[in-house]
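Novice: Here is how the chains run, residue by residue.
There are 2 protein chains.
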Amino acid sequence: MKYVYSFGNGKADGSAEDKNLLGGKGANLAEMSSLDIPVPPGFTLTTEVCVNYMKEHSYPSDLTGQVDDAMKQMESIMGQGFGDPENPLLVSVRSGARMSMPGMMETVLNLGLTSKTIPGLIKKSNNERFVYDAYRRLITMYSDVVMEKSMDDEPADGEGIREQLEDILENMKSEKGFSSDTELSATDLKTLSELYKSKVKTVLGKNFPDDPSEQLWGGITAVFSSWDGKRAVNYRRIENIPDHWGTAVNVQAMVFGNMGASSATGVAFTRNPGTGENIFFGEWLANAQGEDVVAGLRTPNPLNTETKTEDTAHLVSLDEFMPENYKTLDDIQKRLESHYSDMQDIEFTIQEGTLWMLQTRVGKRNGTAAIRMAVEMAEAGQIDEKTAINRVKPEQLDEIMHPNVDSNAEKNADFLAKGLPAGPGGGVGQIVFTADDAETWKNEGKNVILVRNETSPEDVHGMHAAEGILTAKGGMTSHAALVARGWGKCCIVGCSDLDINRTKKTVTISGREFKEGDWFTLNGSTGKVYNGQIKLIEPDLDSNPYFGKLMEMADKFRTLTIRTNADTPDDAKTARNFGAEGIGLCRTEHMFFEPERIVSMRQMILSNTEDERRHAVMNLLDFQREDFYGILKAMAPDPVTIRLLDPPLHEFLPQTDEQIMELAEELQVSREEIQKRIESLHELNPMLGHRGCRLGIAYPEITEMQARAIFEATVKLIEEGETPFPEVMVPLVGTVSELSHQKKVITDMADLVMEEKGIRFDYMVGTMIELPRACLTADQIAEEAEFFSFGTNDLTQTTYGFSRDDIGGFLPAYLQEKILAHDPFQSIDQQGVGELVKIAVEKGRSKKNKLKIGICGEHGGDPDSVRFFHHAGLNYVSCSPFRVPIARLAAAQAAID
Amino acid sequence: MKYVYSFGNGKADGSAEDKNLLGGKGANLAEMSSLDIPVPPGFTLTTEVCVNYMKEHSYPSDLTGQVDDAMKQMESIMGQGFGDPENPLLVSVRSGARMSMPGMMETVLNLGLTSKTIPGLIKKSNNERFVYDAYRRLITMYSDVVMEKSMDDEPADGEGIREQLEDILENMKSEKGFSSDTELSATDLKTLSELYKSKVKTVLGKNFPDDPSEQLWGGITAVFSSWDGKRAVNYRRIENIPDHWGTAVNVQAMVFGNMGASSATGVAFTRNPGTGENIFFGEWLANAQGEDVVAGLRTPNPLNTETKTEDTAHLVSLDEFMPENYKTLDDIQKRLESHYSDMQDIEFTIQEGTLWMLQTRVGKRNGTAAIRMAVEMAEAGQIDEKTAINRVKPEQLDEIMHPNVDSNAEKNADFLAKGLPAGPGGGVGQIVFTADDAETWKNEGKNVILVRNETSPEDVHGMHAAEGILTAKGGMTSHAALVARGWGKCCIVGCSDLDINRTKKTVTISGREFKEGDWFTLNGSTGKVYNGQIKLIEPDLDSNPYFGKLMEMADKFRTLTIRTNADTPDDAKTARNFGAEGIGLCRTEHMFFEPERIVSMRQMILSNTEDERRHAVMNLLDFQREDFYGILKAMAPDPVTIRLLDPPLHEFLPQTDEQIMELAEELQVSREEIQKRIESLHELNPMLGHRGCRLGIAYPEITEMQARAIFEATVKLIEEGETPFPEVMVPLVGTVSELSHQKKVITDMADLVMEEKGIRFDYMVGTMIELPRACLTADQIAEEAEFFSFGTNDLTQTTYGFSRDDIGGFLPAYLQEKILAHDPFQSIDQQGVGELVKIAVEKGRSKKNKLKIGICGEHGGDPDSVRFFHHAGLNYVSCSPFRVPIARLAAAQAAID
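Listed in order, the protein sequences are those of chains A and B.
Numbering of the first sequence is given in the numbering used here, commencing with residue 1 and proceeding in unit increments.
Numbering of the second sequence is given in the numbering used here, commencing with residue 1 and proceeding in unit increments.
Worth double-checking, as some hints may not be accurate.
Copies of the same chain are indistinguishable here, so a pair counts whether it falls within one copy or spans any two.
Derived BS3-like pairs (lysine-lysine); straight-line CA-CA distance at most 25 angstroms [what the hints assert, rightly or not]: (1) K149 - K72; (2) K744 - K818; (3) K446 - K123; (4) K676 - K505; (5) K230 - K744; (6) K505 - K515; (7) K847 - K818; (8) K418 - K505; (9) K676 - K515; (10) K418 - K676; (11) K230 - K504; (12) K744 - K55; (13) K818 - K843; (14) K676 - K504.
Simulated from the structure, these hints should not be mistaken for lab results.
Please model the entire structure based on the sequences and the hints provided.
Specialist: So, in structure tokens, the structure goes:
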């Protein structure tokens with residue numbers, strides 16, 4: 001079994017293909033070496049060694065032999081010997097997992113420095129100060145990473161050996177009146193090394209090892225062990241990296257950027273990772289080690305003159321300072337980008353005039369950059385369009401569509417609390433506690449953040465007025481979240497640290513009280529709430545040509561149609577601008593809350609006879625006809641799926657005594673009667689109660705009115721020369737007989753309207769598939785339905801038995817304990833809910849093989865879910881307007897899969 | 001195509017096998033005829049003619065010819081002619097469907113009497129009075145059934161032609177001072193016939209037909225049409241008889257039991273249908289027509305001396321009055337029962353000394369009789385044991401296990417309202433409105449009916465004290481229903497006509513107000529509520545040897561194990577007496593409501609730290625250990641499945657301000673704090689909220705405490721020489737990681753208790769499968785679970801998206817509109833919920849092929865559901881104690897299938 005892969009001198013045992021075995025860093029070092037790019041030679045211990053070590057806490061018996069062989073090869077390339085007193089080789093030991101986990105695991109540098117090799121190195125480098133500086137760095141790192149971390153009792157934070165050694169350094173500096181490390185002389189550093197070693201002995205009870213081999217194996221084991229360190233484990237949880245992957249370990253000859261004026265070190269990107277501009281971009285430091293650039297103790301210089309800014313114009317760039325080396329580097333970066341066909345993040349060191357490449361990897365980039373690079377590389381023929389499409393994460397589109405909190409300013413902001421990131425983007429405003437206040441303040445020209453325990457449809461005007469919405473309760477698909485996402489508005493929900501006092505108009509967070517008018521900043525993309533005002537960065541979609549080009553490319557490949565969830569003509573237009581090809585869900589319940597409408601609604605609910613009820617319902621006809629006219633017109637000739645009334649009736653009744661009084665007066669009924677009806681409509685579990693088609697079956701006149709409004713609006717539009725296409729959707733069907741019942745009411749009404757108006761029109765009647773039973777009996781339902789639209793919100797609720805309004809009580813614990821990998825309301829649960837979707841598609845199509853099937857739950861805007869729906873054979877997904885581009889991209893990526 | 005099947009004279013075209021085609025009556029007439037039993041000849045028009053007529057409203061073209069031929073055959077056997085003035089044949093036209101629908105369709109007798117045939121019949125019968133009596137009966141029936149019912153405008157009830165003709169009869173009788181019809185002379189009846197005919201002409205605008213053929217076809221069509229009459233349709237809805245079956249029509253030669261002293265008529269059963277005693281049992285009337293016996297206008301005589309009672313001792317029996325005819329009849333009934341191998345319900349007529357059999361069919365019987373007959377017939381070798389088991393409907397066992405409302409007394413009782421029959425049997429008592437009152441009154445020696453909007457666990461003491469429970473809300477599996485059935489107590493739920501005023505202690509039903517102390521009688525088997533006291537008939541199971549024998553027989557065949565749902569040792573013992581072989585569901589939440597326990601529970605909920613919470617929980621350990629000790633002991637060595645705490649925590653918190661005050665004092669916390677906790681625990685949909693294993697995951701100390709209590713009780717019993725077998729059941733698992741989490745807590749505790757006590761014990765850890773997701777991922781869950789127990793209540797709630805607490809809002813409409821065939825909480829929905837059960841069984845066993853799988857929802861006591869579970873491959877069903885015998889029988893029947 002081969003555990004050790006060598007590289008260097010234009011050759012390598014492995015290649016970039018071997019990421020799983022060699023980790024990203026090791027594979028890329030091998031690849032660069034094979035490309036004859038100057039890489040300090042070395043070898044990689046495979047991830048298999050790690051996996052095995054995690055289990056057995058021991059190494060394979062032949063590992064030592066393989067390491068010895070590889071070390072010999074390295075020594076031969078370098079012409080140095082590890083532990084050789086005359087010409088000592090120093091090595092670094094670094095981690096390198098399949099996926100980059102920056103800073104999460106350990107590194108040890110300068111291994112091989114011992115009492116025996118130090119004199120040789122001094123002689124050879126002719127630089128005593130450099131050697132003792134390297135030595136004291138080795139002691140610090142090694143005692144911390146290898147010696148202390150391997151002990152059972154780890155010290156509490158802040159009292160570790162590293163801190164104690166640094167105290168010694170600081171003491172020496174202050175005694176000598178030095179302000180910088182560079183002022184320390186070779187002698188100082190030598191003294192320091194001795195002080196360090198004796199401190200290590202005292203604190204850790206062991207000597208700092210003076211044997212190179214012991215140092216090497218200590219380093220290797222420490223790096224492997226750091227895979228299971230707390231930081232790494234937490235990071236893997238967050239990034240969904242499996243524990244069983246393990247890390248590789250790279251042992252590599254040290255090169256030094258700090259060996260004097262002809263030495264330097266730097267990090268760079270083959271293109272600008274913040275803008276995507278195709279220009280070599282990076283930072284470097286003269287006479288420094290790599291960690292100095294990353295650590296930020298010294299301000300690095302710009303890499304080249306082209307990328308100098310106002311702030312860096314005075315600094316010398318590498319092309320100015322070392323033009324030869326720069327040219328070599330520039331050639332290499334071009335070769336690397338071309339070889340990997342992607343923007344590279346590289347690290348280099350120049351040791352006494354010689355350039356060494358230490359790392360190359362695919363560079364991280366933000367959304368703006370990702371889009372531009374993908375488009376430009378495709379246009380340049382560097383990558384094909386499929387690759388370009390896959391280069392942009394759908395979530396990255398979000399970044400460019402919303403104003404965002406400036407991440408630099410955010411770092412130093414006064415963090416208050418974290419909730420669920422329900423509506424991306426940033427929001428800054430003065431806090432208010434009621435929807436009415438939000439509106440009033442907004443009208444006075446103030447920016448507000450609406451802070452509520454939860455929102456209800458009656459808060460919609462205030463939500464609209466606010467820059468951001470912050471709620472203490474609710475999940476990612478709560479009312480606040482749904483409405484906010486529909487508008488692309490910043491929103492944080494389920495922020496359970498909020499303790500709101502509505503009477504006093506204050507909110508207390510971790511003991512700090514904030515009052516109405518105080519400023520908050522919300523980062524809706526991360527769910528973080530800050531005290532005060534943080535700068536927002538505004539998006540500018542129109543001036544971004546790459547966005548449109550990417551969308552065009554995506555549209556060439558995707559087979560899923562993308563619709564939108566929209567309840568108003570405005571939303572419909574927004575979505576259409578983002579590329580929506582129809583409305584997949586037009587909810588009608590929001591249409592009944594305007595004062596002049598809610599009265600009729602309430603009158604209907606309070607009716608004692610069918611006649612009274614029908615009369616009250618028919619008062620709503622004109623309003624509804626107008627609603628549907630507007631929406632059908634905005635979307636014509638694309639289809640508009642209109643869902644019939646869905647929520648339980650009690651949602652329309654007044655809540656407070658005052659409202660009840662008012663209503664009683666208005667309708668000339670007694671308060672007791674209203675109270676009694678409210679009580680009789682009270683349900684223990686309204687989500688599973690008298691709602692959806694159960695309403696239309698109990699009160700067919702509601703369905704009749706809505707159907708009439710839809711069809712009369714259709715006729716009106718046809719008369720005006722439009723070609724509207726309504727799809728009437730019956731909600732919450734669990735059994736085919738429910739659909740048959742409602743379908744008859746609808747088709748009878750269509751016939752009647754056609755007869756009355758003398759105009760024929762096309763329409764469809766279908767159903768929402770949002771109950772497990774509907775999925776299980778989809779073959780029967782398909783006999784009646786002309787289309788299916790999955791309502792995956794409710795389907796998730798019923799499949800899991802989770803109330804999305806109440807999930808806040810245990811979801812955080814569930815995610816924490818890894819009982820759930822993710823919130824199933826955000827990304828579809830493929831094993832459970834998804835299984836039902838597949839069953840329903842299969843059963844439905846077994847009866848109607850061309851059955852149109854879509855999905856209109858919140859999952860329609862989630863990339864992973866879109867991918868799932870594509871593979872499940874759906875015809876379309878429907879999502880909120882601001883998610884349409886994301887869905888388009890995700891659908892294309894799914895089609896490319 | 002053959003539409004007409006003749007019978008008579010020892011021959012027949014059809015046989016008893018042809019029930020689907022000829023209906024029950026026609027098939028049996030054919031069968032009797034083939035057996036050479038004297039049957040008046042006739043013919044049957046098939047159900048296919050009916051089905052065709054319902055669709056096309058016309059007859060096949062060759063039907064007339066076939067009827068004519070059959071009529072000729074009949075005439076030839078009888079030596080009479082239909083319409084022959086000299087020797088006229090009269091016929092009856094009767095319905096006869098595949099399943100008996102007594103009295104639901106129409107009959108016309110004496111067809112063939114016309115102005116032309118009357119003189120001939122008078123001459124031949126030498127009985128003018130008889131002929132005109134027959135004629136006026138024909139006019140009455142025909143004008144009503146054929147002439148009026150065929151008109152488009154049916155008159156409102158009470159103004160029909162039948163009533164108007166009867167008014168004429170009554171007028172004549174009162175003018176003449178007669179009190180009985182028999183006082184009318186031939187001349188009177190002749191006059192009456194003329195008056196009738198002219199009234200028919202006036203009212204219906206048509207002449208009564210004087211043509212025999214017109215009469216015949218009128219009769220045939222009227223009978224076919226009555227298949228779609230309101231009564232028949234309603235009956236079919238109730239009995240689940242498909243509309244497409246149709247009825248056959250039997251045309252048969254009339255024989256007359258009212259032709260003088262040597263004529264008679266009677267109905268009889270080959271065994272007593274009320275007791276099952278093997279004795280020929282029936283009633284007869286001299287000189288009467290069959291309808292007179294059924295109509296109950298004259299008190300009929302007992303059939304034989306053996307069956308005379310105190311009340312009928314003075315009446316002459318048929319064996320005394322017509323010994324020869326009786327002997328022939330007795331022979332025939334013996335042959336019929338033996339031939340059909342089942343108790344027969346027969347009708348006969350003796351016309352002038354000649355016995356004719358008019359009908360035989362399987363006799364209806366009550367539960368007591370069904371059991372006795374089945375057992376005795378099996379013991380006598382008349383039927384095999386499988387047949388015997390299938391002869392008893394599982395529901396019939398219910399009748400003999402509960403006191404029941406006397407059905408005779410019930411007929412004349414003051415009916416108030418109808419709810420859902422949630423707990424079978426009868427209950428009589430004075431109404432009270434609180435659980436405390438129920439208990440107090442009961443202690444004063446009064447019988448009470450507890451009337452509530454709904455019940456909660458805090459009402460349990462009052463429910464126990466009551467003779468019956470009546471609620472305005474809730475479904476068949478509401479709290480009240482579950483608890484009542486567990487005790488075998490009479491209970492009616494969801495009686496929405498109740499308008500309860502708790503303050504005034506009154507209930508208003510349809511405008512009538514009743515106050516505390518008024519008497520109600522509940523029929524829990526039908527859901528009917530009556531004003532006043534109705535006599536109850538008490539069951540006596542111990543003195544019924546047949547019950548035990550039937551159960552023994554059933555146990556030989558069934559393969560399903562029957563367990564019980566029981567939370568107390570008493571319930572466990574009751575169930576064991578009924579044959580339960582373990583506890584399938586021991587709920588633990590009821591155990592926390594006693595005053596000394598609820599305090600600790602509330603303290604736990606109000607805890608701010610894990611330590612406080614653990615401390616409060618551990619206060620419950622002693623109680624729980626005692627609970628489990630009792631139950632495990634009562635059931636040992638059979639297994640006891642204990643479900644860990646399941647309901648949301650808010651159920652344990654105080655409801656009223658007063659209770660909150662008390663608690664605040666007791667726990668030394670502020671009222672505000674309690675109030676705040678109550679608010680924070682409030683959920684919009686608690687059924688889908690923080691409950692089930694979600695509690696144990698958030699608060700593992702609850703699971704730890706319960707596991708410790710279970711295992712310590714187990715150890716104690718083992719030390720006492722018992723062999724308890726606990727099965728710990730984790731509720732509401734939706735994903736395997738939930739089960740893994742809880743299983744670890746439980747097995748760790750088991751290990752700890754074993755170590756502490758130094759005793760090893762057996763136990764299992766399994767899960768309730770009650771969410772669609774659990775079914776869909778049952779393969780994963782089976783890797784962790786040692787058993788599955790379907791919780792079909794919650795599974796039905798989530799699969800349908802129905803809250804069983806709120807279903808009352810629309811279920812009645814759904815059943816009425818036939819959107820649901822039955823309440824899915826009563827009998828399992830095989831297509832939806834059942835499909836999930838099958839998926840889960842298959843997936844679960846794919847990973848563990850011997851996985852023990854049961855069901856502990858309410859469906860465990862429903863025969864249709866038990867049958868389904870048997871075929872789905874379950875190992876056991878668990879039901880409330882009083883359903884155990886029903887489940888045993890249903891399981892046997894399923895195994896015999």
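Novice: For every hint, state whether the structure bears it out.
Specialist: So, going through the hints one by one against the coordinates:
no. : hint        : result
1   : K149 - K72  : neither (29 angstroms within a copy, 111 angstroms between copies)
2   : K744 - K818 : between (48 angstroms within a copy, 15 angstroms between copies)
3   : K446 - K123 : neither (70 angstroms within a copy, 111 angstroms between copies)
4   : K676 - K505 : between (32 angstroms within a copy, 17 angstroms between copies)
5   : K230 - K744 : between (62 angstroms within a copy, 23 angstroms between copies)
6   : K505 - K515 : within (6 angstroms within a copy, 48 angstroms between copies)
7   : K847 - K818 : between (40 angstroms within a copy, 23 angstroms between copies)
8   : K418 - K505 : within (21 angstroms within a copy, 51 angstroms between copies)
9   : K676 - K515 : between (38 angstroms within a copy, 21 angstroms between copies)
10  : K418 - K676 : between (41 angstroms within a copy, 22 angstroms between copies)
11  : K230 - K504 : neither (42 angstroms within a copy, 65 angstroms between copies)
12  : K744 - K55  : between (65 angstroms within a copy, 21 angstroms between copies)
13  : K818 - K843 : between (33 angstroms within a copy, 24 angstroms between copies)
14  : K676 - K504 : between (32 angstroms within a copy, 16 angstroms between copies)
Figure legend: structure checked against the earlier numbered hints; hints not met, in rising order: 1, 3, 11.
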